[in-house]
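Enquirer: Those protein sequence lines, which keep their order, are chains A and B.
Residues in the first sequence are numbered from 47 upward in steps of one, following this note's numbering.
Residues in the second sequence are numbered from -4 upward in steps of one, following this note's numbering.
If you are wondering where the hints come from, they were derived from the structure by calculation, not from laboratory data.
Hints are supplied without guarantee of correctness; some may be wrong.
To be verified - Here are the simulated lysine-lysine pairs, DSBU-like style, with alpha carbons at most 35 Å apart:
(1) Lys207(A) to Lys48(A)
(2) Lys224(B) to Lys123(B)
(3) Lys90(B) to Lys298(A)
(4) Lys184(A) to Lys48(A)
(5) Lys42(B) to Lys284(A)
(6) Lys124(A) to Lys219(B)
(7) Lys113(A) to Lys90(B)
(8) Lys193(A) to Lys113(A)
Computed from a prediction, not measured in an experiment: that's the story for all the values here.
Residues per chain, in single letters:
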Amino acid sequence: MKIILRLAIFLIFLNSINLNCQSKIVKIKGGEYIPLYGRDSLMVTIDDFWIDVYPVTNKEYVDYVKKNPNWQRSKAIKLFVDESYLRDWQNDTLLNANQKLNSPITNISWFAAKSYCENQGKRLPTVDEWEYVAMANKTMPDARSLKNYNQFILSWYEKPKTFNQTIGSTFKNYWQVYDLHGLVWEWTSDFNSVLITGESRKDVGKDSNLFCGSAAINATDLMNYAAFMRYAIRGSLKAKYTMKNLGFRCVKDN
Amino acid sequence: MKSIKFILLFTTLTLFVSCDKKNKDETAKIEYQCPMKCEGEKVYSEKGTCPVCEMDLRLISKASKKVLSTEISEESIFNLTSSWNTEEGKTITLKELKGKTLVMVMVYTTCKAACPRLTGDMRNIEQKIPAEYKEDVQFVFISIDPENDTPEKLKQFAVDNYVDGEQWTFLQGTESNVREFANVLAVKYKQISPLDFSHSNIISVFNPGGELVHQQEGLGVDNKETIAKIIETVNQ
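Just need the whole structure built from these sequences, with the hints factored in.
Expert: Structural data, given as structure tokens:
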């Protein structure tokens, strides 16, 4: 009887360790805001959710592919990843000597990122959720109108190879979340809801023939060049694409 | 005591839960038969001639002709494991559509602008497929508004738009499945208001193995190339 009880306690303890080894998350209080590209009503409502404090790291992703071999470089199928998926790794489970364990994972596709988050009982953030958290600076939840907020982001765009830095090396924002700007671009669950593209399809600008209802989409703040760049990148991506400066983090609803 | 044992069992179980899914390969059944049916319903598993009239044996199941390879290629949409509700109230995975050339489009039924025209484009393509190929082509509509487009509404849409028949299939997924599928097609869409979406106007053609072979972009465009591609994949 006692032994069983002890065993049970031990197992519960083990379980809690299991849960704790997931990355740190913080709660984001929902609210309303006007994103760069919104809906017809402009205001977007965000419900409460939890977000990873840091982007997913190389180490975390190595652990993931060890447990989920179908996402290893040689085994991931072409429907889900392009040829540069995890390109810099030495092999299926080993990082390159120059890659740090606690740098953000990059060269990752949307499918891979989505699968990673789902495996953790989480999901990718929506564009609107990501932008909601990312419009904060150190002290304000919405710093988009501040000159130095935009300057910081724009100066990052000019810096080369920031993906080699480690997580936590940029600032902690109002929500206690690190590295939304300054390290890597991040995948979002509905990146393909951005109906502007810079790619070579027939849609130059907003082609009302290719996109039904495209007249409804207008930038609310074209001055917000930093954000415009993010939307432009999202619009140019396909889900199997991987890029050296594109990583991800996960969120969950409760 | 009993409850403790139960807790013990439960916690042990949760430790070992894994999310691995195994793919099962179905082996294709290929049958040949004498076109004259000299031996009645007798079938052969290999090519050859009829021992009675010496005519070449003929493949009898058209569907099986297309499933010669049981392997799904890396680029096939049949790698997606999501499940979908059809307008007839059945639940299927995409793999169940294997064996036919698939012509797919993403729409939503409350759409007033482009979708009726996209549906018209689909109808035009269907009409131009020669009769002998019709059995080998399936036309599939996927709703980008799974919340509103229930199987009943999809069925009604099919009836209203004269696209209600064996060769037409309508699919309702989940928000996440639809997003994933749109990404496979490189279709973009965004909800603008509760009953209104912006979306790419793209009709996609998949070969019987589920590989994307052609995309027609825009509304009311010349569908010659699309039809040629469909016939080509059927003949392969």
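Enquirer: Would you pick out the hints that fail for this structure and give their numbers low to high?
Expert: 1, 4, 5, 8
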